[in-house]
Amino acid sequence: MSHDRTIKRTGNEGFTLIELLVVIAVISMLMAVMLPALGAVKQKAKGLVCMSKLKQMGIAFWAYAADNNDYSIPTYDPDDNTYWWGQIKSDGIDHKAGFLYPYMQSSLEEGGIYECPSQPFGSYELQAKPADESVSPDWITSTYGYNGYYLAPPSSPWQNIHDKPWQRLAGVSNSGKVIAFADSMLDWNIRPDQAELSNNAMIDPPMILSADKTGWQKNPCPTTSFRHDDRTSVVFVDGHCETKPVEDGQYTSPSAKIGSITATNGPYYVPDYESWPTGERRRRRAAN
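For the sequence shown, the numbering used here begins at 1 and goes up steadily by one.
EDC-like mimics (lysine to aspartate or glutamate), calculated; alpha carbons at most 16 Å apart, straight line:
{"hint": "1", "residue 1": "K177", "residue 2": "D238"}
{"hint": "2", "residue 1": "K96", "residue 2": "D138"}
{"hint": "3", "residue 1": "K164", "residue 2": "E274"}
{"hint": "4", "residue 1": "K89", "residue 2": "D77"}
{"hint": "5", "residue 1": "K96", "residue 2": "E109"}
{"hint": "6", "residue 1": "K42", "residue 2": "D229"}
{"hint": "7", "residue 1": "K129", "residue 2": "D94"}
{"hint": "8", "residue 1": "K129", "residue 2": "E109"}
{"hint": "9", "residue 1": "K96", "residue 2": "D80"}
{"hint": "10", "residue 1": "K89", "residue 2": "E133"}
{"hint": "11", "residue 1": "K244", "residue 2": "D230"}
{"hint": "12", "residue 1": "K46", "residue 2": "D230"}
{"hint": "13", "residue 1": "K213", "residue 2": "E274"}
None of these hints come from the bench; they were simulated from the model.
Please work from the sequences and hints to get the whole structure.
Next comes the structure, spelled out in structure tokens:
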């Protein structure tokens, strides 16, 4: 004689309120631990993408020099309003007219080679856009700056340095220390606790030559951006890439992390800056 035994359950089989609260608490703690790590990984990935873009720009920079008697690319041609990144026209930027384009055929667009992933379109004012034009990707230029102040002074928008030598790459001493391109941004706001950002496709150094060319003065708005965990991504004249922190320089825009690596122009910006002034001021002082 056999007997079938059945086990009967009574009550609900779901989780109790306390069990649910425990599960939610555990998940919350795990997320609290994981989210900062995931954020750090995301920022690291952006930094690697940024370095890859700068590396491509460095290769194009060298390719231009190879075709042009070893000279650095021009910064600007006022005759037709063309910069290294493109030409300003009435309806936007013609990227194909840029001096670097034949060697790196990338369009000026959201997420393009000329845009750092940590400074995307919409996070800054467009430097080339006329005031009466609406915000549009048609006006994108670059969030990387070119060290044209030193490498191509005769083509610089700074009029008082046009008599300084246009650099040939082979003639740049200590080229592994001299910036070719780096993260850049300009803060138009004079208040240190607020930022009014515009992209600036030039690396303006921490010191600028005085109007009479007899000495250096502090630049109130240097344009090196330290947007990667307080570091700036750089491709140097010799072609290698690395990130640099603020060394003995400073943040002139602390809220936006914009400033300069060093307080003076050497060695990263204008390595031979001490020889640039004419010396007239020194002679006058000596005469006194």
